[in-house]
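Starting from the known structure of chain A, arrange chain B on it as the hints suggest.
First to last, the protein sequences are chains A and B. Every position in the first sequence, counted from 1, becomes a number in the working numbering once 141 is added. Every position in the second sequence, counted from 1, becomes a number in the working numbering once 82 is added.
Don't read these hints as lab results, they were simulated from the structure. Glycine included, C-beta positions come from ideal geometry on N, C-alpha and C. Misleading hints may appear alongside valid ones.
Claimed, not checked - Estimated spans, in silico, between C-beta atoms of each pair:
#: 1; chain 1: A; residue 1: L157; chain 2: B; residue 2: Q279; range: 24 to 32 Å
#: 2; chain 1: A; residue 1: L290; chain 2: B; residue 2: L319; range: 32 to 40 Å
#: 3; chain 1: B; residue 1: K362; chain 2: A; residue 2: V278; range: 44 to 52 Å
#: 4; chain 1: A; residue 1: H269; chain 2: B; residue 2: L264; range: 47 to 55 Å
#: 5; chain 1: A; residue 1: V198; chain 2: B; residue 2: L324; range: 47 to 55 Å
#: 6; chain 1: B; residue 1: V211; chain 2: A; residue 2: R209; range: 48 to 56 Å
#: 7; chain 1: A; residue 1: L161; chain 2: B; residue 2: S546; range: 33 to 41 Å
#: 8; chain 1: A; residue 1: V198; chain 2: B; residue 2: L562; range: 18 to 26 Å
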Amino acid sequence: MSHPPPLKAGERAFNLLLLLFSVGVFYEAYRISGFDLPNSAGAFPLLLGAIMIVTMVSILLGQRHHPRPAAGGVLGEWRQFLATHFPLPVVLFSLLAVGYLLALPALGFIAATALFLLVAQLCLRRGHWLSAVLVTVLITAVIYALFTLLFQVYLP
Amino acid sequence: MGDTLSFFLMSWLDPSLLILTAVGTLAGIYVGAIPGLSVTMATSILISFTFSWDVNDALALIVGIYTGGVYGGSRTAILLNIPGAPSSVATAFDGYPLAQQGEAGRAIGLSTVMSVIGGLLGTLVLASVSPFLADMALEFAPRDYFLIAALGLLLVGSLAAESLSRGIFAAALGAVIGLVGLDPVTADPRFTLGSMQLMGGIHYVVVMIGMFGVAEAFFQLHQLDTQPVRQKVDKILPSLSLVLKFLPLSIRTSLIGVIVGALPGTGGDIASLFAYDHAKRTVKKPSKPFGEGAYEGLVAPETANNAAVGGAYVPMLTLGMPGDAVTAIIIGALTIHGLNPGPMLMIETPYIFWFTVGNLVLANLFLLLFGLTGIKLFAKVVELPKAILIPLILVLCVVGTYSLNGSMTEVYWMLGFGLLGYFMKVFRFQMGPVILGVILGPLMDKSYRQAMASVGNDSAAFVSALFTHPLSLVLTLAVLFLLLGHSPLKRLLRREKAA
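In isolation and in its complexed conformation, chain A is listed as follows (with noise of 0.2 Å):
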């Protein structure tokens, strides 16, 4: 008899939280008009809302008899998901990530994006500084020529 393939590291408490997400969906629709008549304007989102829990709770059922992805339980999981899903370049990209978009109100696009782009390539790419100098300057006037001379629109 074959064995189902383990989970992956986080898998059953994302689904769990999608669970959760879809009971406050189908909480939602029923606040928009009640069980009222059924062409009203809660009628179609009670019934995505329901779609979304059935869809769910087979997801979590079929994944009941699956092995756990890693010894040491939740705190072993925990480490396993952390160290497969948030290696650091994902964890030194998210954090750029929010903070080009926190300096772009406060820097503009084109201080802010050049920062972005710099810090990023050398993040990602350590030892290239001066073709990531390069790339930053290139990238960030070709970016500014194209969309404000030819797409014509507004920069953050």
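Frame of chain A; chain B shown alone:
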């Protein structure tokens, strides 16, 4: 007839439309080829810039990008064994072995010619079938639209996702996102959580850019150090005898591509896998064993995925239903430009239909030109380091989202959807059903409520109508067949039979 021809030739005779189609096709080839960039990502970012353009300009550019992008993935599949796009996964099965055997040039040449044949046949079917389908669609009742949309979501859920439950969940999540805001009929707030900013809804482009752009950028960070193995490229132009030899297979797989592409929700990725499977089953004596460099294994997916482009336009232009994620974006663009995708499009603005057909043919001709040239430059560009590409994707996503309404809040939303998309991808949920759900959700809501109102809010009469009208019956049976085909009940029956 004269009008039809002039609409068809619009983009051929107008220099700016001609240039936009050419630029779109060339850019599409690179976008499709660079692993980490996708046609859906590119069109969702691009669409926000083109909202202020003339609709013809916007459509010409998008048609070019779509056509070029579906093809572009094949080049990296052949040269680097990395499919640049999901529609080229099957191309790598035999394309890369061919390159390893020193036939990279011939494989690229053949895949280009076959893509063009597939693309032209797909467009031919679009031009010949759509007017009849649009006429038929005028007779469709709201419940039929509801059923077609449900069928599309079920199809994409069952084919694109690992399990039907995951696919349906993703589609329902997308539909919920699509319904956020004030109800267009009663002005009741739906899923707004009391926030004024959510009253206007969440723009579908924000969701798309987040889920296809940012999520993919995060996902690519796991493969920062992947080094592709380069192949030497020799003679590119395939001989006429080689093309003629595979013509019957290419016609068959083009038909598969156009049919699969026309099913609401499916696209080139699924079409190419179906076509590859068809070639494996029907070609008894391939040039080499499948998986070891069979030309047939290259021809089948390449014709099918480009034929699926024409196919995807069929439900979009005749029913207002997206054939795949890219046509879902185009529907949004048409609506924003005041057009009405669906059966009325052919009556109210027939030029859009024939313009699109002519533009698709033109884009395929440009594909032939660009596909057979510029390989050396191409090889350099596609090897762009991920450390440059990934930050660039994020910058483009920010610019694309901000240009929609000039709102930083939408940019934050976009990043949020990107993170959600990243985790959903990590845990094997597909993005395709979410995006289709966002587009189809409001349409299903509207059709369902119209259908209910038409039977006086009588649920029993609504259910009865599903089984008493011929078209509704066929669609209902198709929905039930899909649902039951994946249900635990079927597995139980099969187990019992085996025992």
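key: Violations among the numbered hints, reported as their numbers in ascending order   = none
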